[in-house]
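*Asks:* Work the whole structure out from these sequences, hints included.
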Amino acid sequence: MKKTFWQKLSAWHKGDYDFTLKTTDHVDPQIIHEYTGKEHTIQALSRKERAFSGALYNVLCVLFCLILIGVLLGAVVSLPPHGNAENPAVNEVMDRYVEEGMQETGAVNTVAGMILDYRAFDTLGESFVLFTAVCAVTILMKNTKRTAPDGTPLPMVVAPGIVDYSKDNIVKTVSRFLIPFIFVFGVYVLLNGHLSPGGGFSGGAILGSALILFSMVYGEDRAAAIFSERLIKTVVLVSLSFYAIAKSYSFFTGANHLHSIISQGIPGRILSAGLILPLNVAVGFVVCCTMYSFYMYFRRGRIQ
Amino acid sequence: MLREIFLLLLLGGLIFCAIATAVSKRLMKMIIIYMAYSLIMSVIWLLLESPDLGITEAAVGAGVTGVLFYLALRRIHQVDKDAADQDVSSDKNERGE
Amino acid sequence: MLTSFEDLWTHVADNYIVIVSIILFGIGFTMLLFSRNLLKKVVGLNIMDTGVYLLLVSMGYIDGRHAPIIANGITDAANYINPIPSGLVLTGIVVSVSVTAIMLSLIVRLYEKYHSLNLDEIYELRNKEENT
Numbered sequence: 001m002k003k004t005f006w007q008k009l010s011a012w013h014k015g016d017y018d019f020t021l022k023t024t025d026h027v028d029p030q031i032i033h034e035y036t037g038k039e040h041t042i043q044a045l046s047r048k049e050r051a052f053s054g055a056l057y058n059v060l061c062v063l064f065c066l067i068l069i070g071v072l073l074g075a076v077v078s079l080p081p082h083g084n085a086e087n088p089a090v091n092e093v094m095d096r097y098v099e100e101g102m103q104e105t106g107a108v109n110t111v112a113g114m115i116l117d118y119r120a121f122d123t124l125g126e127s128f129v130l131f132t133a134v135c136a137v138t139i140l141m142k143n144t145k146r147t148a149p150d151g152t153p154l155p156m157v158v159a160p161g162i163v164d165y166s167k168d169n170i171v172k173t174v175s176r177f178l179i180p181f182i183f184v185f186g187v188y189v190l191l192n193g194h195l196s197p198g199g200g201f202s203g204g205a206i207l208g209s210a211l212i213l214f215s216m217v218y219g220e221d222r223a224a225a226i227f228s229e230r231l232i233k234t235v236v237l238v239s240l241s242f243y244a245i246a247k248s249y250s251f252f253t254g255a256n257h258l259h260s261i262i263s264q265g266i267p268g269r270i271l272s273a274g275l276i277l278p279l280n281v282a283v284g285f286v287v288c289c290t291m292y293s294f295y296m297y298f299r300r301g302r303i304q
Numbered sequence: 305m306l307r308e309i310f311l312l313l314l315l316g317g318l319i320f321c322a323i324a325t326a327v328s329k330r331l332m333k334m335i336i337i338y339m340a341y342s343l344i345m346s347v348i349w350l351l352l353e354s355p356d357l358g359i360t361e362a363a364v365g366a367g368v369t370g371v372l373f374y375l376a377l378r379r380i381h382q383v384d385k386d387a388a389d390q391d392v393s394s395d396k397n398e399r400g401e
Numbered sequence: 402m403l404t405s406f407e408d409l410w411t412h413v414a415d416n417y418i419v420i421v422s423i424i425l426f427g428i429g430f431t432m433l434l435f436s437r438n439l440l441k442k443v444v445g446l447n448i449m450d451t452g453v454y455l456l457l458v459s460m461g462y463i464d465g466r467h468a469p470i471i472a473n474g475i476t477d478a479a480n481y482i483n484p485i486p487s488g489l490v491l492t493g494i495v496v497s498v499s500v501t502a503i504m505l506s507l508i509v510r511l512y513e514k515y516h517s518l519n520l521d522e523i524y525e526l527r528n529k530e531e532n533t
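Chains as they are written, first to last, in the working numbering: chain G, 1 to 304; chain Y, 305 to 401; chain L, 402 to 533.
Hints are computed from structural coordinates only; laboratory data are not their basis. Here the structure is a predicted model, which means the values were calculated and not measured. Some hints could be false.
Claimed, not checked - For each label pair, taking beta carbons as the anchor points, the in silico distance ranges come out as:
no., chain 1, residue 1, chain 2, residue 2, range
1, L, D464, G, V235, 37 to 47 angstroms
2, Y, D384, L, D464, 14 to 24 angstroms
3, G, I139, L, G474, 47 to 57 angstroms
4, Y, R307, G, D95, 20 to 30 angstroms
5, L, A472, G, R96, 15 to 25 angstroms
6, Y, M332, G, F64, 21 to 31 angstroms
7, G, I139, Y, H381, 17 to 27 angstroms
8, L, H467, G, E229, 38 to 48 angstroms
9, L, A472, G, V184, 18 to 28 angstroms
10, L, D464, Y, H381, 48 to 58 angstroms
11, G, T234, Y, E308, 23 to 33 angstroms
Even glycine gets a Cβ: it sits at the ideal position worked out from N, Cα and C.
*Replies:* Pasting the structure below:
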């Protein structure tokens with residue numbers, strides 16, 4: 001039965017037609033019957049129709065994007081001017097955070113005080129998002145296709161045209177001097193999160209980058225000897241449990257008791273701001289281990 | 305005024321980099337342009353008075369995301385090489401440290 | 402509403418960061434829909450992300466004020482910008498990395514099975530596989 005393109009289009013609209021079938025092979029009608037309970041045969045597109053449907057898709061999606069951008073740009077007209085202090089986004093919530101944040105949380109950096117004290121549960125959920133991402137990457141990447149047909153594991157080899165940095169003297173020497181500085185900067189950003197810009201997320205990412213650089217230059221085996229899978233698992237789990245316990249005590253003391261039980265200290269000192277410093281460190285460890293595990297799983301399918 | 309001019313230049317660079325990632329044919333080039341895009345973005349965060357975001361974007365967007373893209377691309381080439389070397393014994397594949 | 406060309410120009414000059422973020426969103430969305438290459442789609446999604454973050458942070462910025470870090474004991478809110486969008490975007494950036502990592506690992510697994518990054522080819526190979 002020969003159909004024109006528009007008949008096929010209307011058939012696809014009714015669900016009897018599969019546009020994704022790109023070959024001219026006919027599907028076994030029996031299989032279709034088993035799957036859909038219908039007696040229709042699915043016919044594939046010819047080459048000309050396939051090219052036409054591809055072009056139609058491209059034209060439609062560019063058109064759709066242009067219309068979307070046009071609508072969004074039209075909405076700019078009704079937005080308040082940028083940078084104005086009378087904008088609706090600048091409301092009493094901001095005043096409260098800035099004016100009383102330092103007394104209530106003890107943190108000089110209002111952003112750190114906000115995400116780790118007022119909205120600490122949000123950050124806890126975020127840490128668990130990272131943990132879930134590591135779990136998903138582990139499931140997907142763990143030793144995929146790295147075994148020979150007889151079951152012995154194949155070693156990772158360097159793909160052609162890609163430099164192996166552990167053999168490059170310039171990279172090795174420069175990073176020998178650079179890695180300690182990156183580490184110190186990461187620890188500084190992590191510990192000063194409540195005093196200056198930075199905090200758990202940025203400090204953890206910098207520490208993770210330092211670990212990635214270390215294992216890139218000195219080889220994964222040396223890095224895996226120091227940061228074993230067991231160590232990383234322990235650090236992540238201890239950090240997450242510490243965070244969860246430190247913030248869920250308010251469930252037992254009553255929902256109104258949301259301020260910290262540790263004294264705020266003098267704002268501006270490094271040992272101040274109650275729970276914010278330990279929570280920053282916990283978040284930093286989680287982020288650091290997450291970044292490093294991403295790298296290791298992508299690089300060789302395992303940490304050890 | 306100077307700040308506005310600098311910000312406009314950076315925003316123009318941002319759009320340029322975004323279009324360059326969209327039209328670049330080679331994937332490696334696309335990834336490197338994306339890392340440059342993230343670095344421009346981190347300077348824009350500083351100009352918008354959000355230094356926390358600047359540090360995080362520089363470490364995460366330009367560093368870790370770029371490395372992840374690079375490693376995924378490398379894994380993909382690796383798969384091709386494995387398929388080509390399937391008959392060769394695994395001794396040849398060992399990397400000399 | 403718009404009444405004249407000058408009015409339009411005022412809106413553009415007032416909200417140029419918002420316009421840039423919308424253009425970035427559009428470029429990313431076009432990459433996501435138009436490109437058949439899976440890695441390009443992921444980069445397009447990341448560009449969309451940053452467009453949205455730029456919009457959010459530009460909403461919190463106030464001219465002539467400083468970053469929300471209390472300096473010299475001045476706690477008057479008229480000296481600092483809005484810290485709320487910064488806090489929200491900070492979490493968003495880190496989540497976008499984990500989303501990217503999951504998508505990239507899915508792409509690597511797809512490539513190991515079908516040896517292609519092109520979505521059309523993957524569909525075709527999958528259909529062939531199902532029909533045999």
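*Asks:* Okay, which hints does this one fail, numbers in order?
*Replies:* 2, 11
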